[in-house]
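2 protein chains.
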Amino acid sequence: MSNIRHALSARRADDFAQWYQEVITAADLAEESGVRGCMVIKPWGYGIWERIQRLMDDRIKATGHENCYFPIFIPLSNFEREAAHVEGFAKEMAVVTHHRLIADGKGGLIPDPEAKLEEPLVVRPTSETIIGDAMARWVQSWRDLPLLTNQWANVVRWEMRTRMFLRTSEFLWQEGHTAHEDAASAQEHTLRMLEVYRACAENDLALPVIAGEKPENERFPGAVETWSIEAMMQDGKALQAGTSHYLGTNFAKASGIQYQDREGSQQYCHTTSWGVSTRLIGGIIMVHGDDDGLRVPPAIAPHQVIILPMLRDKEGDDELLAYCEELRAAIAATSTLGEKTRVLLDKKPGKAAAKRWDWVRKGAPVILEIGGRDMENGTVSLLRRDRLWAENGKPDFATPTRDDAAASLPTMLEDIQKNLFDQAAKRRDDNITRGITDMAALADFYSSEKRYPGWVEVQWSKPTGAALDTVVEKLKSLKLTVRNVPIDSEPADGTCIFTGEPAVERIFVARAY
Amino acid sequence: MSNIRHALSARRADDFAQWYQEVITAADLAEESGVRGCMVIKPWGYGIWERIQRLMDDRIKATGHENCYFPIFIPLSNFEREAAHVEGFAKEMAVVTHHRLIADGKGGLIPDPEAKLEEPLVVRPTSETIIGDAMARWVQSWRDLPLLTNQWANVVRWEMRTRMFLRTSEFLWQEGHTAHEDAASAQEHTLRMLEVYRACAENDLALPVIAGEKPENERFPGAVETWSIEAMMQDGKALQAGTSHYLGTNFAKASGIQYQDREGSQQYCHTTSWGVSTRLIGGIIMVHGDDDGLRVPPAIAPHQVIILPMLRDKEGDDELLAYCEELRAAIAATSTLGEKTRVLLDKKPGKAAAKRWDWVRKGAPVILEIGGRDMENGTVSLLRRDRLWAENGKPDFATPTRDDAAASLPTMLEDIQKNLFDQAAKRRDDNITRGITDMAALADFYSSEKRYPGWVEVQWSKPTGAALDTVVEKLKSLKLTVRNVPIDSEPADGTCIFTGEPAVERIFVARAY
Ligand SMILES: [Zn+2]
Ligand SMILES: [Zn+2]
Numbered sequence: 000m001s002n003i004r005h006a007l008s009a010r011r012a013d014d015f016a017q018w019y020q021e022v023i024t025a026a027d028l029a030e031e032s033g034v035r036g037c038m039v040i041k042p043w044g045y046g047i048w049e050r051i052q053r054l055m056d057d058r059i060k061a062t063g064h065e066n067c068y069f070p071i072f073i074p075l076s077n078f079e080r081e082a083a084h085v086e087g088f089a090k091e092m093a094v095v096t097h098h099r100l101i102a103d104g105k106g107g108l109i110p111d112p113e114a115k116l117e118e119p120l121v122v123r124p125t126s127e128t129i130i131g132d133a134m135a136r137w138v139q140s141w142r143d144l145p146l147l148t149n150q151w152a153n154v155v156r157w158e159m160r161t162r163m164f165l166r167t168s169e170f171l172w173q174e175g176h177t178a179h180e181d182a183a184s185a186q187e188h189t190l191r192m193l194e195v196y197r198a199c200a201e202n203d204l205a206l207p208v209i210a211g212e213k214p215e216n217e218r219f220p221g222a223v224e225t226w227s228i229e230a231m232m233q234d235g236k237a238l239q240a241g242t243s244h245y246l247g248t249n250f251a252k253a254s255g256i257q258y259q260d261r262e263g264s265q266q267y268c269h270t271t272s273w274g275v276s277t278r279l280i281g282g283i284i285m286v287h288g289d290d291d292g293l294r295v296p297p298a299i300a301p302h303q304v305i306i307l308p309m310l311r312d313k314e315g316d317d318e319l320l321a322y323c324e325e326l327r328a329a330i331a332a333t334s335t336l337g338e339k340t341r342v343l344l345d346k347k348p349g350k351a352a353a354k355r356w357d358w359v360r361k362g363a364p365v366i367l368e369i370g371g372r373d374m375e376n377g378t379v380s381l382l383r384r385d386r387l388w389a390e391n392g393k394p395d396f397a398t399p400t401r402d403d404a405a406a407s408l409p410t411m412l413e414d415i416q417k418n419l420f421d422q423a424a425k426r427r428d429d430n431i432t433r434g435i436t437d438m439a440a441l442a443d444f445y446s447s448e449k450r451y452p453g454w455v456e457v458q459w460s461k462p463t464g465a466a467l468d469t470v471v472e473k474l475k476s477l478k479l480t481v482r483n484v485p486i487d488s489e490p491a492d493g494t495c496i497f498t499g500e501p502a503v504e505r506i507f508v509a510r511a512y
Numbered sequence: 000m001s002n003i004r005h006a007l008s009a010r011r012a013d014d015f016a017q018w019y020q021e022v023i024t025a026a027d028l029a030e031e032s033g034v035r036g037c038m039v040i041k042p043w044g045y046g047i048w049e050r051i052q053r054l055m056d057d058r059i060k061a062t063g064h065e066n067c068y069f070p071i072f073i074p075l076s077n078f079e080r081e082a083a084h085v086e087g088f089a090k091e092m093a094v095v096t097h098h099r100l101i102a103d104g105k106g107g108l109i110p111d112p113e114a115k116l117e118e119p120l121v122v123r124p125t126s127e128t129i130i131g132d133a134m135a136r137w138v139q140s141w142r143d144l145p146l147l148t149n150q151w152a153n154v155v156r157w158e159m160r161t162r163m164f165l166r167t168s169e170f171l172w173q174e175g176h177t178a179h180e181d182a183a184s185a186q187e188h189t190l191r192m193l194e195v196y197r198a199c200a201e202n203d204l205a206l207p208v209i210a211g212e213k214p215e216n217e218r219f220p221g222a223v224e225t226w227s228i229e230a231m232m233q234d235g236k237a238l239q240a241g242t243s244h245y246l247g248t249n250f251a252k253a254s255g256i257q258y259q260d261r262e263g264s265q266q267y268c269h270t271t272s273w274g275v276s277t278r279l280i281g282g283i284i285m286v287h288g289d290d291d292g293l294r295v296p297p298a299i300a301p302h303q304v305i306i307l308p309m310l311r312d313k314e315g316d317d318e319l320l321a322y323c324e325e326l327r328a329a330i331a332a333t334s335t336l337g338e339k340t341r342v343l344l345d346k347k348p349g350k351a352a353a354k355r356w357d358w359v360r361k362g363a364p365v366i367l368e369i370g371g372r373d374m375e376n377g378t379v380s381l382l383r384r385d386r387l388w389a390e391n392g393k394p395d396f397a398t399p400t401r402d403d404a405a406a407s408l409p410t411m412l413e414d415i416q417k418n419l420f421d422q423a424a425k426r427r428d429d430n431i432t433r434g435i436t437d438m439a440a441l442a443d444f445y446s447s448e449k450r451y452p453g454w455v456e457v458q459w460s461k462p463t464g465a466a467l468d469t470v471v472e473k474l475k476s477l478k479l480t481v482r483n484v485p486i487d488s489e490p491a492d493g494t495c496i497f498t499g500e501p502a503v504e505r506i507f508v509a510r511a512y
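Residue numbers (numbering that gives the first Met the number 0), protein chains in the order written: chain A, 0 to 512; chain B, 0 to 512.
There's no promise every hint is true.
Claimed, not checked - No farther apart than 35 Å at their CA atoms in a straight line, the calculated lysine-lysine pairs in the DSBU-like style are these:
#1 A:K339 - B:K339
#2 B:K339 - A:K417
#3 A:K252 - B:K105
#4 B:K346 - A:K60
#5 B:K478 - A:K115
#6 A:K252 - B:K350
#7 B:K60 - A:K346
#8 B:K60 - A:K354
#9 A:K417 - B:K60
#10 B:K252 - A:K105
#11 B:K60 - A:K347
#12 B:K115 - A:K115
#13 B:K115 - A:K339
#14 A:K60 - B:K90
#15 A:K347 - B:K252
#16 B:K90 - A:K90
#17 A:K350 - B:K252
#18 A:K60 - B:K417
#19 A:K60 - B:K478
#20 B:K347 - A:K60
#21 B:K60 - A:K60
#22 A:K252 - B:K346
#23 A:K478 - B:K115
#24 B:K90 - A:K252
#25 A:K393 - A:K313
#26 A:K475 - B:K115
#27 B:K252 - A:K354
#28 A:K339 - B:K350
#29 A:K313 - B:K60
#30 B:K339 - A:K346
#31 A:K115 - B:K90
#32 B:K473 - A:K60
#33 A:K115 - B:K252
#34 A:K252 - B:K339
#35 A:K90 - B:K105
#36 A:K115 - B:K105
#37 A:K339 - B:K473
#38 A:K346 - B:K252
#39 A:K252 - B:K354
#40 A:K354 - A:K313
These are calculated hints, taken from the structure and not from any lab test.
From a predicted model like this one, the values you see are computed outputs, not experimental measurements.
Chain A extracted, bound-state conformation (with noise of 0.2 Å):
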């Protein structure tokens, strides 16, 4: 299929950081802002961030959660606290110092010197001190438990190295914090977190993931046990696409959150909190996106079916406008996956194989062209984004009459959101390797000619602190990292790989993001 010409002039193959750059451009997702890390999401990329959200939501609150929301700023004595009682405390933020601006006298503007803060303030990195103050007035007594929260809202960590998507200094997530009467109650509920980011992963955005324990050295800071949900990229490469923490009873202390148990006695909360973000985005791109740009898995398109006049300017287009309008309208009385099927009639200027291309490279499930003789015969030409080239490298395109067309749609929508979920599954498994023992067999693994290697499970033996870091050093000098330990992965029955001691589980290794 070389005489295809694809949309994109970088090819995954060959520069698949170049090729991301080119995706997020060429299906106008995002740009840069001019500000410091911190990018412009555009219209396309925030209607599937809206998407995410509308889905991620409904799951949030089918488990009970109610939204909330807190201030963006925190005082610098509540990082104060939380560094007494967290090893790896994150210091890169940004920090308010003033809350005036003068004229310099020079025709410029100066921050106040008048106007300095008693005590600086700091752009939430995230929530959990804040949060915890705030839950420390709520919660009295077993009764107010389990206290279910959840926020959306954009949030600063100030990034040295920023890439779109993937790591931006302001970035927009979701976090749930919940406060719980007993361990057992909490790691519940951490579990239960991280099973609603794993449905919504597979089952919405298409992105199949392995749900798994992340070890002690990937822990968030404060926490007892940290999960993730790890997605293989199409460059084999690792990306943490959400978290869910167990912070045992360290955030309560903290923060004071107290509760009378049952027989009448103060007790510490335990605490959960998890997280995903706008870095889905930069995971979707990776594992649905191909040479001629973005495939948006139905469920989170924006628009799921974009209907293309082509228009001539001239007489017979009021004509044509009138037969897509019918179309549209029959499109938009079926459902799809539940929801009304989304659909677009595009009437802005400009030819009709440009705005083709523009919505191929945006990864519209579907697009119906429709021209004159398409009227004519009652027809449309529809065009399936995972489908798009034919054998003979022209684009594959279909000619249903009008009727089918819009009675077949939803069927076809729910079909390409399965086959961009299998496809992306088969190639995640095609990528797993197992069955390396020996250190020598995994350099040699990383090191082989093979582009994309992929994920290796081994057997480990756990290994904590001191013993860990030796690990987690070695593996950094094959630009490696542990990822996390599936909840169904088989028993162990091996050594481990980085000790040689009697093997306690399996663990998958990686390049990562």
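Starting from the known structure of chain A, arrange chain B with the ligands on it as the hints suggest.
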């Protein structure tokens, strides 16, 4: 009806400000966060905001806008550029000057002097300049116009005196920003969005508003025209509930938003911006609240119907819960105001009577209390929040059969929505005074015994510049402000109350938030 034992301790008629605060606490809408000027929006308050967002967003999208997301940080230089062309430049804002915290060596943290930003960043107070920069990149030709964008975001304005929902340092809002070919289309769009606000306020929030143009002194800095919707609170004061600005080419020139017109020459765009915020919730409280707490219009109530089983922690509870669950499912299957009816079966621990009063204070539109006797009779005890008290001073329960209750709720909720609007519209109309033609009479009117004098519509000559300043000062001495010139007001036929010159239009004068 003096034998009524109201659910709040403050009365609207005695101390409106204290009553307002008590409603916020009693309805569990929000609370002080401990961070200066920032509030925590609690589940019931945030749930109302989510409903407002959903309905307003649908209306904004229906008029052709797409949502984007722009950075929270705005470089200082953008404000220098703005300060140069805008007179009333607001300087109170949160300024980020450092990107790292370090230990101070005394157990605390300080902004790292090594990590001082070269150019300070301002936490957005509004996004005209940063969105203007993006528009300058996005707009090339007339074909790109109109460019219709919107963003939902948090913004920060450093406020010295704050009041929950009405004036907080951080608040949530939507800000629409659009670019057009010429003045006519931009002005038309400014009014279209004002109409969107009016329709959402009146139909969704049940807030009757006056849509009109603000006088020159009340314009957004840099705007050519500022329009507003103004709502009358129960204390007779005006609340500006939304604004829509026609910005001429002022911001386009500052940001360089140019396009090639149909004849091939470069032109500056005409831009608009418009916003509504969490301030709307303050308006809902002050318009719909009563001495028993909040009353939430059904269209924006997170739960429209609450089912309260009178559980006794003993035998029979399961049967009662099953009876309630059947009712819940029957109600959830109905539609109200074009959406699924939102019903909650409240199984939380606690006494039914205490829970009833919690929901009354929160303002849930309908409460269904169900005890053993109801179950035996096949009935429910139904309480409408907008008709809480019977003549005898007791809660006015009706006892329809369970089937009748489920079937009649959609109509009842629509009736409550209408009733809340009608009550507010009547109060508003009753408290608008016309025919005051001289300043002495105006002063007299506002110093009368009448506690809540409402608004006065006066005729004026639409003074500008210094003459307007004089009018504003005169009014200020009476604690009054000019609100807006209603779109649909009668033509003027008298003399200006301020200058004695022939009047050119009618304008509202009122005390205001
Ligand atoms: Zn939950
Ligand atoms: Zn519009």
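So, going through the hints one by one against the coordinates:
1. Taken as a hint, the K339 of chain A and K339 of chain B pair is honoured in the structure, with Cα atoms around 14 Å apart against an allowance of 35 Å.
2. The straight-line distance between the Cα atoms of K339 of chain B and K417 of chain A is roughly 29 Å, inside the 35 Å bound, and the hint therefore holds.
3. Restraint check for K252 of chain A and K105 of chain B: the C-alpha separation of about 22 Å stays at or below 35 Å, so the hint holds.
4. Between the alpha carbons of K346 of chain B and K60 of chain A the distance comes to roughly 16 Å, so the proposed pair stays at or under 35 Å and holds.
5. Distance hint between K478 of chain B and K115 of chain A is fulfilled; the C-alpha atoms sit about 33 Å from each other, no more than 35 Å.
6. At roughly 31 Å between alpha-carbon atoms, K252 of chain A and K350 of chain B fall within 35 Å of each other, so this suggested pair holds.
7. Taking the CA atoms of K60 of chain B and K346 of chain A, the gap is near 16 Å; set against the 35 Å cutoff, the hint holds.
8. Among the hinted pairs, K60 of chain B with K354 of chain A is consistent with the structure: their alpha-carbon atoms are about 22 Å apart, no more than 35 Å.
9. The straight-line distance between the Cα atoms of K417 of chain A and K60 of chain B is roughly 29 Å, inside the 35 Å bound, and the hint therefore holds.
10. Between the alpha carbons of K252 of chain B and K105 of chain A the distance comes to roughly 22 Å, so the proposed pair stays at or under 35 Å and holds.
11. With a C-alpha separation of about 16 Å, the suggested pairing of K60 of chain B with K347 of chain A holds against the 35 Å cut-off.
12. Between K115 of chain B and K115 of chain A the CA atoms are separated by roughly 15 Å; this keeps the pair inside 35 Å, and the hint holds.
13. For the suggested pair K115 of chain B and K339 of chain A, the alpha carbons sit about 51 Å apart, so the restraint of at most 35 Å is broken.
14. In summary, the hint linking K60 of chain A to K90 of chain B is not supported, as the alpha carbons are separated by about 40 Å, beyond the 35 Å threshold.
15. Proximity of K347 of chain A to K252 of chain B is assessed by CA-CA distance (about 26 Å); at most 35 Å being required, the pair is judged to hold.
16. With a C-alpha separation of about 29 Å, the suggested pair K90 of chain B and K90 of chain A falls inside the 35 Å cut-off, and the hint holds.
17. Of the supplied pair hints, the one linking K350 of chain A and K252 of chain B holds, its CA atoms being roughly 31 Å apart against a limit of 35 Å.
18. For the given pair, K60 of chain A sits about 29 Å from K417 of chain B by alpha-carbon distance, which is consistent with the 35 Å threshold.
19. Simply put, K60 of chain A and K478 of chain B have alpha-carbon atoms about 46 Å apart, too far for the 35 Å limit, and the pair is violated.
20. For the hint linking K347 of chain B to K60 of chain A, the alpha-carbon distance of about 16 Å falls within 35 Å, and the restraint holds.
21. For the hint pairing K60 of chain B with K60 of chain A, the CA-to-CA distance comes to about 25 Å; that is within 35 Å, so the pair holds.
22. Between the alpha carbons of K252 of chain A and K346 of chain B the distance comes to roughly 30 Å, so the proposed pair stays at or under 35 Å and holds.
23. The straight-line distance between the Cα atoms of K478 of chain A and K115 of chain B is roughly 32 Å, inside the 35 Å bound, and the hint therefore holds.
24. Taking the CA atoms of K90 of chain B and K252 of chain A, the gap is near 40 Å; set against the 35 Å cutoff, the hint is violated.
25. About 29 Å separates the Cα atoms of K393 of chain A and K313 of chain A, which keeps this hinted pair within 35 Å; it holds.
26. Proximity of K475 of chain A to K115 of chain B is assessed by CA-CA distance (about 32 Å); at most 35 Å being required, the pair is judged to hold.
27. Distance check on the hinted pair: K252 of chain B and K354 of chain A sit about 31 Å apart at the alpha-carbon level, within 35 Å; holds.
28. Of the pairs offered as hints, the one joining K339 of chain A and K350 of chain B is violated, with about 42 Å between alpha carbons and a cut-off of 35 Å exceeded.
29. Of the supplied pair hints, the one linking K313 of chain A and K60 of chain B holds, its CA atoms being roughly 30 Å apart against a limit of 35 Å.
30. For the given pair, K339 of chain B sits about 33 Å from K346 of chain A by alpha-carbon distance, which is consistent with the 35 Å threshold.
31. For the suggested pair K115 of chain A and K90 of chain B, the alpha carbons sit about 14 Å apart, so the restraint of at most 35 Å is met.
32. Among the hinted pairs, K473 of chain B with K60 of chain A is inconsistent with the structure: their alpha-carbon atoms are about 53 Å apart, more than 35 Å.
33. Proximity of K115 of chain A to K252 of chain B is assessed by CA-CA distance (about 33 Å); at most 35 Å being required, the pair is judged to hold.
34. A distance of roughly 42 Å separates the Cα atoms of K252 of chain A and K339 of chain B; the hinted pair therefore is violated under the 35 Å criterion.
35. Restraint check: the Cα-Cα separation between K90 of chain A and K105 of chain B comes to about 17 Å, which is no more than 35 Å; the hinted pair holds.
36. Between K115 of chain A and K105 of chain B the CA atoms are separated by roughly 21 Å; this keeps the pair inside 35 Å, and the hint holds.
37. Restraint check for K339 of chain A and K473 of chain B: the C-alpha separation of about 57 Å exceeds 35 Å, so the hint is violated.
38. Distance hint between K346 of chain A and K252 of chain B is fulfilled; the C-alpha atoms sit about 30 Å from each other, no more than 35 Å.
39. For the given pair, K252 of chain A sits about 31 Å from K354 of chain B by alpha-carbon distance, which is consistent with the 35 Å threshold.
40. Between the alpha carbons of K354 of chain A and K313 of chain A the distance comes to roughly 19 Å, so the proposed pair stays at or under 35 Å and holds.
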